[in-house]
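Sequence lines, in order, name chains Z and L. Position 53 (the first sequence) corresponds to 53 in our numbering; numbering is contiguous. Position 21 (the second sequence) corresponds to 21 in our numbering; numbering is contiguous.
Please note that the accuracy of each hint is not assured.
Which copy is meant is left open, because identical chains are indistinguishable; a pair holds if it fits in one copy or across any two.
Only pairs whose alpha carbons sit at most 20 Å apart, straight line, appear in this in silico EDC-like list of lysine to aspartate or glutamate [to be verified]:
| no. | residue 1 | residue 2 |
| --- | --- | --- |
| 1 | K118 | D94 |
| 2 | K118 | E34 |
| 3 | K138 | E100 |
| 4 | K121 | E86 |
| 5 | K70 | D98 |
Think of the hints as simulated: they come from the structure by calculation, not from any bench.
Number of protein chains: 2
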Amino acid sequence: MNKPFQSSDGDDLLRDAGLRVTRQRQAIAQVLIEAEDHPNAEQVLARAREHDESVSQATAYRTLSVLSEKGLLHTHTFDKNVMRFELADRPHHDHLIDVETGEIREFVSAEIERLQRKIAKAYGYEIVAHRLELFCRKAAPDETEERQDTADLSES
Amino acid sequence: MNKPFQSSDGDDLLRDAGLRVTRQRQAIAQVLIEAEDHPNAEQVLARAREHDESVSQATAYRTLSVLSEKGLLHTHTFDKNVMRFELADRPHHDHLIDVETGEIREFVSAEIERLQRKIAKAYGYEIVAHRLELFCRKAAPDETEERQDTADLSES
DNA sequence: ATAGTTGCAAAACCTTTGCAAACGG
DNA sequence: CCGTTTGCAAAGGTTTTGCAACTAT
Chain Z
1 MNKPFQSSDG DDLLRDAGLR VTRQRQAIAQ VLIEAEDHPN AEQVLARARE HDESVSQATA
61 YRTLSVLSEK GLLHTHTFDK NVMRFELADR PHHDHLIDVE TGEIREFVSA EIERLQRKIA
121 KAYGYEIVAH RLELFCRKAA PDETEERQDT ADLSES
Chain L
1 MNKPFQSSDG DDLLRDAGLR VTRQRQAIAQ VLIEAEDHPN AEQVLARARE HDESVSQATA
61 YRTLSVLSEK GLLHTHTFDK NVMRFELADR PHHDHLIDVE TGEIREFVSA EIERLQRKIA
121 KAYGYEIVAH RLELFCRKAA PDETEERQDT ADLSES
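Could you put together the complete structure from these sequences and hints?
Structure follows, in structure tokens:
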């Protein structure tokens, strides 16, 4: 019984990256798999230490760095100076950031994805990766009620 | 004869931000107006010093910071850790980054903009700012020739 | 056995800040 | 004039690195 795509298993994730499986890296991989948010390095380290106290900052940064380079982890910089991480094995999605609360919602728009590819192609490029972030604020009650808009959202 | 929108004049830019007009800030504003790329703080400082040697790092960062806060400057973080700047008075556009060369092209898609607003609205939000970056690689010659794709590009 | 990995502490890197002197309006 | 702005140098926050000991394979 092998995992189809998502390396929901930490050891697999590490091996996929060509890394040796160590206690410390297992702890980090586990954190990434369990994460439902977009933790930064400091948070990954703190959570990993709950699994294995011995994880050092250096190892956390080194592991996150390799996993990112190998494409197994996606990175974001929602706020100024810190890099945030997210497993790459999840279906692609973009982010909507509530600028008041910092809350991050994920969304997918097949339509936007399509347009992006179209644009890149028009310039003679193919997309390697992309990043779409909407910094938003809760809207005023809204007078024009366009409820059917939701239709575009989840076509992935 | 007043400028309609773009403060193509450095002093105006500074006054729009509620700042006093100093030699150093004039140099920085000039750099931003002349910039055809997306310089980071270090580059802005270096270029500003060509206009006025006395500009210090502190002033560069402080000025860029205020201009950004006042919304006169847009910021990006294409690469990991450095913030890049760009005058906000230009028509909105997104970025296509050539991952091989680092070259940055700008594009506009009214269609994507529209979809973004639609998505935000569906979640009950309104967009304050957004960021769309396509990390691309020059495409292989391409077998299916879709030249008319260019149509979507410049509807702004 | 041995190449890869570790923690530690120091360094590197980008950005911010305290302060007294200098300056703009 | 008086509040703002300056340069300097030091501090801040995040990420990287050199090294000797340790460990997965």
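Hint-by-hint comparison with the structure:
{"no.": "1", "hint": "K118 x D94", "result": "both (18 Å within a copy, 14 Å between copies)"}
{"no.": "2", "hint": "K118 x E34", "result": "neither (35 Å within a copy, 31 Å between copies)"}
{"no.": "3", "hint": "K138 x E100", "result": "within (8 Å within a copy, 39 Å between copies)"}
{"no.": "4", "hint": "K121 x E86", "result": "neither (27 Å within a copy, 25 Å between copies)"}
{"no.": "5", "hint": "K70 x D98", "result": "between (30 Å within a copy, 19 Å between copies)"}
In this structure, the hints that do not hold are numbers 2, 4, in rising order.
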